[in-house]
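S.K.: In case you want the letters, here they are:
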Amino acid sequence: MAEEKMNSDKMWVTMGPQHPFSHGLWTLRVEVDGEIITDAEPEVGYLHRGWEKECENRTYNKIIPMADRLCYSASMTWSHLFCKVAEEALDIEVPERAQYLRVVADEICRIQSHLMWLAAVGTDVGNLTIFLWALREREFMLDLNVRLCGQRLTTNYPRIGGVRNDMPYYFERDCMRAIERFEKSLWDIIRLTDDSSIFVGRMKGIGYITRKDVANYGITGPAMRGCGVDYDIRRDDPYDAYGEMEFEVPVLKEGDAYSRYMVRIEEMFQSCEIIRQAMKKLESIPKNAPYRLKVPKCIPEGTHMARIEDPRGEGLMYLVSDGTESPYRLKVRSPVFVNVSASKHMVQGVRIADIPAIMAMIDMCLGETDR
Amino acid sequence: MAYESITNFIVNRGYEDLIAMSPYEVYNLPYDIAVKIWESLGGLIAWLINLIFPNNGVSQWLISDPVTNGFAIILMVIVIFAVSFVFCLLMLWEERKVLGRMMDRRGTMVGLKGFLQCLGDGLKTFMKENVVPKAIDKKIYWWGLSLVIGTSVLLACMVPLSNRWFIVDYQAGLLIIFALFALAPFLILCAGWAQNNKYSLIGGLRAAELMISYEIPMLILLAGTVLMAGSFNINDIVAYQEEHIWFVIPQIIGFFTCIVCAVAESERVPFDLSEAEAELVEGWQTEYAGMKWGLIMLGDYFRGYVACALVVFMYLGGWSLPVIGGEDWYLQYFPEIVFLLKVALVFFIFVLARAALPRVRTDQILNVGWKALMPLSVINLAIVILLKVTGVM
Amino acid sequence: MDMSLYPHAVAMSADEFMSWSSAMINEMLSAGTKRTVDKLTGPVWAWAMRNSMHPLHFGLACCAIEMAAASDTRYDAERVGMIYRSSPRQTDILLINGWISKKLRPDIRRLYEQIPAPKWVVAMGECAISGGPWYDSYNIVQGLDQIVPVDVYIPGCPIKPDAMIDGFMLLQKKIDAYFRRGVFMTD
Amino acid sequence: MSEDANIIEKPSRDDIVSLVKAEFGGKVEFIESTKKNIKAINEGRRLFMKADREVLHDLAKYLHDKLNFEQASSVAGVDWVDHMQVVYHLTNYCTSMVVEITVDIPNDDLHIASVSDIWEGANWHERETYELFGIVFDGHPKLERLLTPKSYEFFPFRKSYKLRGQE
Chain A
1 MAEEKMNSDK MWVTMGPQHP FSHGLWTLRV EVDGEIITDA EPEVGYLHRG WEKECENRTY
61 NKIIPMADRL CYSASMTWSH LFCKVAEEAL DIEVPERAQY LRVVADEICR IQSHLMWLAA
121 VGTDVGNLTI FLWALREREF MLDLNVRLCG QRLTTNYPRI GGVRNDMPYY FERDCMRAIE
181 RFEKSLWDII RLTDDSSIFV GRMKGIGYIT RKDVANYGIT GPAMRGCGVD YDIRRDDPYD
241 AYGEMEFEVP VLKEGDAYSR YMVRIEEMFQ SCEIIRQAMK KLESIPKNAP YRLKVPKCIP
301 EGTHMARIED PRGEGLMYLV SDGTESPYRL KVRSPVFVNV SASKHMVQGV RIADIPAIMA
361 MIDMCLGETD R
Chain B
1 MAYESITNFI VNRGYEDLIA MSPYEVYNLP YDIAVKIWES LGGLIAWLIN LIFPNNGVSQ
61 WLISDPVTNG FAIILMVIVI FAVSFVFCLL MLWEERKVLG RMMDRRGTMV GLKGFLQCLG
121 DGLKTFMKEN VVPKAIDKKI YWWGLSLVIG TSVLLACMVP LSNRWFIVDY QAGLLIIFAL
181 FALAPFLILC AGWAQNNKYS LIGGLRAAEL MISYEIPMLI LLAGTVLMAG SFNINDIVAY
241 QEEHIWFVIP QIIGFFTCIV CAVAESERVP FDLSEAEAEL VEGWQTEYAG MKWGLIMLGD
301 YFRGYVACAL VVFMYLGGWS LPVIGGEDWY LQYFPEIVFL LKVALVFFIF VLARAALPRV
361 RTDQILNVGW KALMPLSVIN LAIVILLKVT GVM
Chain C
1 MDMSLYPHAV AMSADEFMSW SSAMINEMLS AGTKRTVDKL TGPVWAWAMR NSMHPLHFGL
61 ACCAIEMAAA SDTRYDAERV GMIYRSSPRQ TDILLINGWI SKKLRPDIRR LYEQIPAPKW
121 VVAMGECAIS GGPWYDSYNI VQGLDQIVPV DVYIPGCPIK PDAMIDGFML LQKKIDAYFR
181 RGVFMTD
Chain D
1 MSEDANIIEK PSRDDIVSLV KAEFGGKVEF IESTKKNIKA INEGRRLFMK ADREVLHDLA
61 KYLHDKLNFE QASSVAGVDW VDHMQVVYHL TNYCTSMVVE ITVDIPNDDL HIASVSDIWE
121 GANWHERETY ELFGIVFDGH PKLERLLTPK SYEFFPFRKS YKLRGQE
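Chains A, B, C and D, in that order, give the protein sequences.
Start counting the first sequence at 1; every next residue gets the next number (this note's numbering).
Start counting the second sequence at 1; every next residue gets the next number (this note's numbering).
Start counting the third sequence at 1; every next residue gets the next number (this note's numbering).
Start counting the fourth sequence at 1; every next residue gets the next number (this note's numbering).
By construction, these hints were calculated from the structure, which means they are not laboratory data.
Ideal Cβ placement from N, Cα and C applies to all residues, glycine included.
Each hint should be verified, as a subset may be incorrect.
What the hints assert, rightly or not - Covered stretches of chain C (chain B as the covering partner; in silico rule of three or more C-beta atoms under 8 Å from a C-beta of chain B):
no.	region
1	72 to 79
2	84 to 94
3	111 to 118
As the list claims (entries may be wrong) - Label pairs and their in silico Cβ distance ranges:
no.	chain 1	residue 1	chain 2	residue 2	range
4	C	18	B	60	55 to 65 Å
5	D	37	A	150	55 to 65 Å
6	B	169	A	191	39 to 49 Å
7	A	185	C	36	49 to 59 Å
8	B	249	A	31	50 to 60 Å
9	D	153	A	289	54 to 64 Å
Produce the complete structure using the sequences and hints provided.
M.R.: Here it is, written out as structure tokens:
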């Protein structure tokens, strides 16, 4: 083995924890023959903090802000998922006003998470203007977060049995303004990316995954919908108020990095649609309707499971409660954890210059990968 | 010896007296400036010595013709380097501010509206510790670095700003600049290899790959210009463009191809594969710390300046303005300023490309180079030949 | 020596005490040309270093998202001359903005050593300051100062981009103090 | 319908129950959920099974091949002090049905057949469960530590391992 390793002209390049393309801390050791990649080996675990073990040391209400810090760029969906699991354990139905508020907060979080992803794509492909324009749009979505939930990033907005507070004064008008402005200015960024043949040339034709491999590798979310799997938890397995929303799930057949990119851009437009419908329905609900239920501190025994459509894929939480104040066991299924495990398969046979483009399409968020 | 005022001690001679000693037949502005500087500087020293020891040999010697001429040449080169150095800092400032404005933010506000930011960067990098990794190939590490910076600075000083602002009015004008320009990728390859770092090795290899794609189209474009102008000498090319028409009009295809090649030559964003930030950390500059990296960045901007200067010479008529004719036109305005403004305009196009375009992959630049730039430059050459044969130009 | 930055001498780290004491000795012993040269050139180097701080492009967790937001159009960090360089050789500030796991300790230590000499470390966010919400984790280093000497702590979880730029303003004052005591002091 | 007839593209809930009962008989028992107003359970998109350790791999293969459960969402370990438990969640895209299989493992013999040869997605989940609980998945291609550093010897998620704040 040693001499075979010696005179093979392949070279292991470590794209280590501190690397501009990694957007967080993970290593991709890549075996390179010239510039073509023959073998790859991802390594995660640099942000592992034993989140699930720490939950067993916290009461249920203390876990909500911790759940925000699972995937910090899409924090609303994770704390929302934890509250859903707890509500399923308590077997309660969240009041209607809270359901719609959660849907609005979820979709705002999805738009700002996709914009953060678009910014990351910009730096990976080498065009800093996309990075800054995407973050400029994201600032307006963060302002909506600040008005609705109080904090820019890790919003800590849902509670078990409802939401923290009702819509603030004039929020509905600001939300509509922000959405209109966003839809107009997203076209500026699209003109920078889709109309530039270099960007399309860099994205098309790399990171191929067939329809069968996507399910086999467990890749979920926009990465899966880019390869032809027509499945979206918000539509097929609706939770909260998503049942009443009509929106169209973008699905593309090609299965390369460019189609995954197109799926996410289309999803941003769909999110604006959902927010408009949710806002219209919120008007019809009387202002003083309850937005939160009284919930006991201890959750009864049993095993419970809930799923949610995170901007990066399918988030799933499995809760084993034993009637005390804190959970007995809380398992978190993170979509990026599984997508990264498939990176070895996606990266075969491409050039080094394509790795950032492919990995950007998985939209890494290492907080939830290492938990 | 009675007290003598400094002015009449320094023999203020007209330029003609020096003509015998000066290496130039043509009037050369920086040499003239240098002579005046030395006359005031050297004259001051000589006058001081003369005060103490009146009528001694040294002060006479100091302001004699050969000594003035010798020191003037040294001061002239310093003046020429100072002008191109300050203009490079201006270009760096232009890039940071224009890039900032295009990204809808303010850019640097250090110093006066951001200009002193380049000074701040430079001084800071000079003060950093000189970190040299242990397992490097010492000779090539240092020679590669110094030659890259050396050729860049040498190039920047060889670019004539007008027909009276040059070091040497060499007959093979553009050819020498191209020859020195083509050296940089080899030195980057050697520097990349010497750093014993995988990223820099790949970066160095890419620099060599990149060179294959843009070098030959660039030379064919050069042939087009030289054929139309009739000589390699830059003064003749500019004079020709001034009499007839700027080469942009007839060789419009060549102009755009040349801009693409110039961007690739000075390794700026759409084609900055050897220093690809996202994939190769810092490409071939990864292991160069502190002052070494500061000088490399300066070298990059010098090469950008020379690439823009090439485009201006070949297509935008050097330092001539189409409007103002007449024989002593250079008395009404400064041709050097006109030339530098044109270079700044072309650099603006480079910065526009940097703000708008993502980075290209290695195989894509090779395709573009061979399948797009090469045919375009040949078509451009065909047009030039056609115009030349039919006697239009 | 501007004592306002060290209100309580007790809390100085070993490195800071070394540089503070050697600065005191330099004040007393140095005289003549070296002293005047230090006095004259000190502010120039300080101005240069202050206005071109290059932090390392090294995002760990939530504060990394806010670090990215600090360089966008609203909170433009480049106004004060901050660009994120990706190679440690060309940076002078190690910015740690997330929780540090035990697996990452050797990497952070190596990055710290790779950065050339006049360097500073900024601990951004609760997790880098003291382990933050993960106080009882088995895999988290409870605070960055167990690995590298830290210069500026920026509290908040996650911190706002303007708090980060404010932290760097404080670091600029510290850079001033570092250079006023003579640049070429080997401490 | 896919090419060979026996793959049921869209198995309904009672299809699955009847087929699995016919195939595996006593070894797999179905648990009825007692929750009333959870939308997913009322609309029949959840199915809870308890399987024995020996029959798990065949059950997984059966569900994957015959009943078109294409994705293994997650593999979770649970430490009930006196015995260990592994919980599988399998998803079917067409009917968006989620099947939850729980398998009990005695404390003295922590071995179970790995399903990473059926679903590639479960590979890293099994590695993670191994390094945090110590449950060995036989037949796993690369059963090593993934998240915790290589130098850790203990299994952190077991109830026996106490966190800093606990006792």
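S.K.: Indicate, hint by hint, whether the structure satisfies it.
M.R.: Hints, verified against the model:
1. For the region 72 to 79 of chain C, the stated coverage by chain B holds: 5 residues have a C-beta nearer than 8 Å to a C-beta of that chain, and at least 3 were required.
2. A stretch counts as covered by a chain when three or more of its residues have a beta carbon under 8 Å from one of that chain; for the region 84 to 94 of chain C and chain B the count is 6, and the coverage holds.
3. With a threshold of 8 Å between beta carbons, the proposed coverage of the region 111 to 118 of chain C by chain B holds, since 4 of its residues qualify and at least three are required.
4. For residue 18 of chain C and residue 60 of chain B, the hinted distance range of 55 to 65 Å is satisfied, since their beta carbons lie about 59 Å from each other.
5. Distance hint check: the CB atoms of residue 37 of chain D and residue 150 of chain A are about 30 Å apart, inconsistent with the given range 55 to 65 Å.
6. At about 48 Å, the beta-carbon gap between residue 169 of chain B and residue 191 of chain A stays in the expected band of 39 to 49 Å.
7. The beta-carbon spacing between residue 185 of chain A and residue 36 of chain C, approximately 56 Å, falls within the hinted interval of 49 to 59 Å.
8. As the Cβ distance of residue 249 of chain B to residue 31 of chain A is approximately 53 Å, the hint placing it in 50 to 60 Å holds.
9. Checking the proposed 54 to 64 Å range against residue 153 of chain D and residue 289 of chain A shows it holds: the Cβ atoms sit about 55 Å from each other.
Comparing the model with each earlier hint shows a violation of hint 5 alone; every other hint is respected.
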